[in-house]
Amino acid sequence: MELELLPTGGRMSRPIDQLKFAAKNMETVETVESLKLEIRKLSSRAIQTKMDLHDLSEELPTRWERIQEVAEKTFVTYQKLAETRKKLAELEG
Numbered sequence: 001m002e003l004e005l006l007p008t009g010g011r012m013s014r015p016i017d018q019l020k021f022a023a024k025n026m027e028t029v030e031t032v033e034s035l036k037l038e039i040r041k042l043s044s045r046a047i048q049t050k051m052d053l054h055d056l057s058e059e060l061p062t063r064w065e066r067i068q069e070v071a072e073k074t075f076v077t078y079q080k081l082a083e084t085r086k087k088l089a090e091l092e093g
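In the working numbering, the protein residues as written are 1 to 93.
Honestly, the hints are just simulated from the structure, not real lab data. This structure is a prediction, so every number in the text was calculated from the model and none was measured. Be careful, since some hints might not be right.
[Unchecked claim] Calculated cross-link-like contacts (lysine to aspartate or glutamate; reagent style EDC-like; alpha-carbon spacing at most 20 Å): (1) Lys73 with Glu33; (2) Lys80 with Glu65; (3) Lys36 with Glu92; (4) Lys73 with Glu30; (5) Lys73 with Glu59; (6) Lys41 with Glu30; (7) Lys73 with Asp52; (8) Lys50 with Glu92; (9) Lys73 with Glu92; (10) Lys50 with Glu30.
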């Protein structure tokens with residue numbers, strides 16, 4: 001993510017406006033980096049939950065009682081991952 005250049009002239013010519021603009025850009029960069037880190041963590045969790053679901057399917061018909069629990073955990077993890085990727089895409093434009 002690249003920082004936006006500060007506009008010159010007009011309303012942004014005051015130093016305080018330039019500082020506010022720069023601070024907003026820094027917050028965006030930090031947010032993007034934190035979202036990327038969260039995506040890496042969620043991706044790892046998603047892979048693990050997918051493997052758990054697969055392992056459970058191989059154990060059927062034993063342990064069938066865990067199907068809903070494991071499937072729900074997998075669903076929620078992938079849902080969070082999709083939402084986080086969407087937020088990142090919106091910030092990166």
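Verification of the hints:
{"no.": "1", "hint": "Lys73 with Glu33", "in the structure": "violated (26 Å)"}
{"no.": "2", "hint": "Lys80 with Glu65", "in the structure": "violated (25 Å)"}
{"no.": "3", "hint": "Lys36 with Glu92", "in the structure": "holds (11 Å)"}
{"no.": "4", "hint": "Lys73 with Glu30", "in the structure": "violated (29 Å)"}
{"no.": "5", "hint": "Lys73 with Glu59", "in the structure": "holds (18 Å)"}
{"no.": "6", "hint": "Lys41 with Glu30", "in the structure": "holds (17 Å)"}
{"no.": "7", "hint": "Lys73 with Asp52", "in the structure": "holds (10 Å)"}
{"no.": "8", "hint": "Lys50 with Glu92", "in the structure": "violated (28 Å)"}
{"no.": "9", "hint": "Lys73 with Glu92", "in the structure": "violated (29 Å)"}
{"no.": "10", "hint": "Lys50 with Glu30", "in the structure": "violated (30 Å)"}
The structure does not agree with the numbered hints 1, 2, 4, 8, 9 and 10 stated previously, though it agrees with the rest.
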